[in-house]
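There are 2 protein chains.
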Amino acid sequence: MNGAELLLKTAIEAGVEICFANAGTTELYLVAAFDSVQGIRPILGLFEGVCTGAADGYGRMKQRPAMNLLHLGPGLANGIANLHNARRAGTPVLNVIGEHATWHRQYDPPLNMDIGSLAKTVSGWHRVSESAGDIARDTAEAVSATLYGQISTLIVPSDYQWSECTANPYRIPSFRFDEPDSKVIEEAATLIRKSTKPALLLGGRALRLTGLDAAARIQAATGCDLLSVTFPAYHDRGEGLPVLTRLPYFPEQVLPVLAGYDSVVLAGATEPVSSFGYPGVSSRFLKEEQTRIRIDGAQQDPADALSALADMVVSPFSPSRRSKDPVLARLELPAVPSGTLDPKKLCAVIAALQPEDCIVVDEGICSSFWYQMLAPTLRRHSYLTLTGGSIGMGMPCALGAALACPERKVINIQADGSAMYTLQALWTQAHTQADVVTLICSNRKYFTIEFECRRAGCIPGADAMDLIGIDHPPVDWVRLGRGMGVRAVSVATAEELASELKSALKESGPHLIEVVI
Amino acid sequence: MNGAELLLKTAIEAGVEICFANAGTTELYLVAAFDSVQGIRPILGLFEGVCTGAADGYGRMKQRPAMNLLHLGPGLANGIANLHNARRAGTPVLNVIGEHATWHRQYDPPLNMDIGSLAKTVSGWHRVSESAGDIARDTAEAVSATLYGQISTLIVPSDYQWSECTANPYRIPSFRFDEPDSKVIEEAATLIRKSTKPALLLGGRALRLTGLDAAARIQAATGCDLLSVTFPAYHDRGEGLPVLTRLPYFPEQVLPVLAGYDSVVLAGATEPVSSFGYPGVSSRFLKEEQTRIRIDGAQQDPADALSALADMVVSPFSPSRRSKDPVLARLELPAVPSGTLDPKKLCAVIAALQPEDCIVVDEGICSSFWYQMLAPTLRRHSYLTLTGGSIGMGMPCALGAALACPERKVINIQADGSAMYTLQALWTQAHTQADVVTLICSNRKYFTIEFECRRAGCIPGADAMDLIGIDHPPVDWVRLGRGMGVRAVSVATAEELASELKSALKESGPHLIEVVI
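Chains as they are written, first to last, in this note's numbering: chain Z, 37 to 553; chain V, 37 to 553.
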């Protein structure tokens, strides 16, 4: 057995089932090892941002890591933008990067780079293997480190991949999150009890079923409001689940939402701050006098902390203010609109037609604003968003989610400018026949930048608009989709969209619908 | 005047004429400044790898920097692969990256990253501006640092961009390379004189007209052989210019080429080493007993060093071995072949038809091998290659070269797997109506990896081939090209290729020809 085979065997033992890859000469023996070691599915991405974005989508759904196999520094660099999103999402991801042979690197061959400096910008754990025999331990530790919701990057010199070694596959130690801190939970219970108007702000794993169930019990017992972060990594939502108020994006929208609370309990979320600094605007959304407490620590599951808090506030010995049944969403769907499409109608069509238990990946940016309004009462769905603001996440994330959950439909609400960043994902969607319907919101501009300009009191002139408009020439998404092997159509009315979306959802395999808005 | 305007004004003063950009909220005031400050052309790229690759192509042609305007850490990360190529090419490039407002960054907003760690992997110079007033000095120093053939990265917090400031634009100090080191030149002259079989290995700026002229004089005076590096950043080549032997790629091909020389004089080139380490193969191509000397230093122009060396060896007082007229290439074109295309015929068609004074960008990888054989005697052209091995360079590099030299035709010999990395470049080619003919060498696989596998004695099985083949589904480059607004056709015979290439070269604006091989 060589080091490359040892790596794959150990990863498989540790529960890794899929590898998104774009390999080169320094990963040659790992490529070959897929033939000799069975149990991990190799999936080719035609650009590394596709691999890392797919690993993010996969990890969000499975809560176990996919592996990325990337080529040296440039391969990792190409994947960093979506790894940044994965880091912000708390997604477990295992990166394996080939490095030049140990005795070769000193000659600074053309592809030589400082891989470590790249790796540390996104990785909670990173290491360069120091022998072929170490690869088993390194791989096991790398996978283990991901399970707390972070990225591990293992850099493996090519000579260790091809060296024969006798090390047995190393078994990953059994994983569990740390227990919640009971003092902190008590403190939070006391805070809610004392507050006139408390809120619970949920993010991370708190937005999965167990966390939401606990949050609903806390709400019923204490009357607190339930809020969600602006960009959840994963949110179980819709009929039968608690209704959360999503924090809006701009400071002037967030401040009124938060203004009334005298305390905010954070679970899976940090204190809310503005995405960007604006002249004369505070970065922080909570005032000094608004008490806040975070109930989960770095290696704890916020759902456990919420459950502990729920048990405490609903206890018969606790002087809970109110004690009702949890308030859960009842199904409420918008009517399917008609006529020429705009973002509002686009969102209504999706909202009305999305099937039970689908996965909605939202990189709609400005175009999916209205969908947020409708979402809490729709058919139940898992909702994945752009956590790190690094555009080009939607199409690969949808791919990864579809491969993680082949029995579920994936709908990707996708801004056109962002789609263009990683459009190569469509090829792997076709290659794997992933069940993804991509709705390209084709407004043919970077609308956010134009909007931010106007918001800053500046009307962009011709030169500034040269950096905003993507209409000259207009991108033809039907051709691009078909060029990658994906069935693609373009629609301009709500009726056409409804009809095409229905038929795309009925068929299997990837579809692209260009929605001209 | 605000900091953003100050930055653009200073860059213009320093000779920057073009900016490839994909900006976001932290670069908003720089976007707006393009309206108020005239003299720098903003060009939108729909992915940052397009911007940085175009800046590389532009800089190779102009020997002055283009500016890249990129959004925070993810924007820089997306551009790193092509910046790596630019670094290896010694291309002057100015990166400007927006950063969060100084008082905002401490709150770790979603897009916050360690930009410095990313920047240092590719930059010879990098700095974070410390006030709005400093921006003029910082920009001037950044541009100045590029002129030695390196990348400068200036990180500008957004509050300094919007702050009003009174600093006058800072004038860039006049630039010149350091003088050659006369002792080293003398040493090299003595070495050549003493050698039985000397060679001159040229790279970097040594492959431009002045350097080549000096090299030809040295050859005529001393009988030394002329070699070029495997992957030149820029090479003036063809009729009337000296014929150089290009060092091949694989060790087993290079070693026989170099074996006979007892001395090698390096100009603009480091000692040749293998691109990758292979089991049992030496990284270095020169043996201990082969004397080598590099005649240019880090801040010197190798062309100056060659001129000094030429003056020394052709001096009447110098005991030069021979003294003939320089041997220069006479035009010799292959016949246009016929029948079903293969890589050899593809190369012959290009070689036969490429127009006088064109620019040839070669990211053909395996498919352009035969072109190298024919190139020295073709119509005169500038030749740009993949210097850093980071694929996805060709299409943006061709775009940048075309914008730098709008009076010249650009032919891009482009491997399909590599093309897919930065296919968004086609949109900017259409947007700017750049005069580029892209020849997609469509073999529908990562041929190099398959070849390397077989070379390592391993025949890839089904799982390994899953990471090599890009034929399922086949990529339809005609649709992709047209989807981006570029005229596109597909050809399967040499006659069709010749006919389509001729007509594409006659028309202006971008064309794509998919060559099925």
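The set of hints was computed from the structure by calculation and includes no laboratory data. Honestly, I wouldn't trust all of these hints.
The list cannot tell twin chains apart, which means a pair is met if one copy fits it or any two copies do.
Calculated pairs, SDA-like style, for lysine to any residue (alpha carbon to alpha carbon, straight line, at most 25 Å) [said to hold, decoys possible]:
hint, residue 1, residue 2
1, Lys230, Ile48
2, Lys542, Val279
3, Lys98, Val293
4, Lys542, Gln335
5, Lys230, Ile553
6, Lys323, Gln74
7, Lys323, Arg366
8, Lys156, Asp144
9, Lys156, Arg141
10, Lys323, Leu389
11, Lys230, Asp272
12, Lys156, Pro145
13, Lys538, Val290
14, Lys360, Asn38
15, Lys156, Tyr143
16, Lys323, Tyr143
17, Lys219, Ile54
18, Lys156, Thr138
19, Lys323, Glu443
20, Lys542, Val514
Do the hints match the structure? See the list:
{"no.": "1", "hint": "Lys230 / Ile48", "in the structure": "neither (50 Å within a copy, 61 Å between copies)"}
{"no.": "2", "hint": "Lys542 / Val279", "in the structure": "neither (29 Å within a copy, 63 Å between copies)"}
{"no.": "3", "hint": "Lys98 / Val293", "in the structure": "neither (33 Å within a copy, 54 Å between copies)"}
{"no.": "4", "hint": "Lys542 / Gln335", "in the structure": "neither (42 Å within a copy, 65 Å between copies)"}
{"no.": "5", "hint": "Lys230 / Ile553", "in the structure": "neither (49 Å within a copy, 75 Å between copies)"}
{"no.": "6", "hint": "Lys323 / Gln74", "in the structure": "neither (55 Å within a copy, 43 Å between copies)"}
{"no.": "7", "hint": "Lys323 / Arg366", "in the structure": "neither (34 Å within a copy, 79 Å between copies)"}
{"no.": "8", "hint": "Lys156 / Asp144", "in the structure": "both (21 Å within a copy, 16 Å between copies)"}
{"no.": "9", "hint": "Lys156 / Arg141", "in the structure": "both (20 Å within a copy, 18 Å between copies)"}
{"no.": "10", "hint": "Lys323 / Leu389", "in the structure": "neither (41 Å within a copy, 71 Å between copies)"}
{"no.": "11", "hint": "Lys230 / Asp272", "in the structure": "neither (30 Å within a copy, 79 Å between copies)"}
{"no.": "12", "hint": "Lys156 / Pro145", "in the structure": "both (22 Å within a copy, 18 Å between copies)"}
{"no.": "13", "hint": "Lys538 / Val290", "in the structure": "neither (35 Å within a copy, 60 Å between copies)"}
{"no.": "14", "hint": "Lys360 / Asn38", "in the structure": "neither (61 Å within a copy, 57 Å between copies)"}
{"no.": "15", "hint": "Lys156 / Tyr143", "in the structure": "both (24 Å within a copy, 20 Å between copies)"}
{"no.": "16", "hint": "Lys323 / Tyr143", "in the structure": "between (56 Å within a copy, 14 Å between copies)"}
{"no.": "17", "hint": "Lys219 / Ile54", "in the structure": "neither (40 Å within a copy, 59 Å between copies)"}
{"no.": "18", "hint": "Lys156 / Thr138", "in the structure": "both (20 Å within a copy, 22 Å between copies)"}
{"no.": "19", "hint": "Lys323 / Glu443", "in the structure": "neither (45 Å within a copy, 61 Å between copies)"}
{"no.": "20", "hint": "Lys542 / Val514", "in the structure": "within (20 Å within a copy, 29 Å between copies)"}
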